[in-house]
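Undergrad: Sequence:
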Amino acid sequence: MSKHLIRAIKYCVISFISTHHALAAEKILKDTELAFILIPTPKEISTSCGLSVKLSCSDTKTALDILAKQQITQVMAYQVNKETGQQVVTKL
2 MSKHLIRAIK YCVISFISTH HALAAEKILK DTELAFILIP TPKEISTSCG LSVKLSCSDT
62 KTALDILAKQ QITQVMAYQV NKETGQQVVT KL
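Under our numbering, think of the first position of the sequence shown as 2, with each following residue one higher.
With a straight-line Cα cutoff of 25 Å, these simulated BS3-like cross-link-like pairs (lysine-lysine) come out:
| hint | residue 1 | residue 2 |
| --- | --- | --- |
| 1 | Lys62 | Lys83 |
| 2 | Lys62 | Lys28 |
| 3 | Lys70 | Lys92 |
| 4 | Lys83 | Lys11 |
| 5 | Lys62 | Lys92 |
| 6 | Lys44 | Lys28 |
| 7 | Lys62 | Lys4 |
| 8 | Lys62 | Lys31 |
| 9 | Lys28 | Lys4 |
| 10 | Lys31 | Lys70 |
| 11 | Lys44 | Lys92 |
| 12 | Lys4 | Lys44 |
| 13 | Lys28 | Lys70 |
| 14 | Lys4 | Lys31 |
| 15 | Lys92 | Lys11 |
| 16 | Lys44 | Lys11 |
| 17 | Lys44 | Lys62 |
| 18 | Lys4 | Lys83 |
| 19 | Lys11 | Lys62 |
| 20 | Lys11 | Lys31 |
| 21 | Lys44 | Lys83 |
Pairwise CB distance ranges (calculated):
| hint | residue 1 | residue 2 | range |
| --- | --- | --- | --- |
| 22 | Thr85 | Glu34 | 24 to 34 Å |
| 23 | Lys92 | Ser19 | 12 to 22 Å |
| 24 | Glu45 | His5 | 18 to 28 Å |
| 25 | Asp32 | Thr85 | 35 to 45 Å |
| 26 | Ile10 | Gln72 | 31 to 41 Å |
| 27 | Leu39 | Thr74 | 11 to 21 Å |
| 28 | Ser19 | Thr85 | 31 to 41 Å |
| 29 | Pro41 | Asn82 | 14 to 24 Å |
| 30 | Asp66 | Ser19 | 13 to 23 Å |
| 31 | His21 | Thr85 | 27 to 37 Å |
| 32 | Ile40 | Thr63 | 15 to 25 Å |
| 33 | Gly51 | Leu6 | 14 to 24 Å |
| 34 | Ile7 | Val89 | 18 to 28 Å |
For the record, the hints were derived by calculation from the structure and aren't laboratory data. Glycine included, every Cβ here is placed at the ideal spot set by N, Cα and C.
The task is simple: from the sequences and hints, build the whole structure.
TA: In structure tokens:
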């Protein structure tokens, strides 16, 4: 886990269709050098199981590629920006 992700105001989120997929993704990503944390899905993202992976946007494509190779494919990626004091979520 990376401490900079906890307080990040710009980051990306990968959401999943089920808790099973989210936990499987966490297990897969732990075997990589990617910094990420498992978080409750932001309320602005309505199509999710409730758990998401929070990570740096620069690592998102790599994480998606790793997950796809492990058959975790029904995911959505979003960019989150809280610079203005309000959370803005953009689908990638």
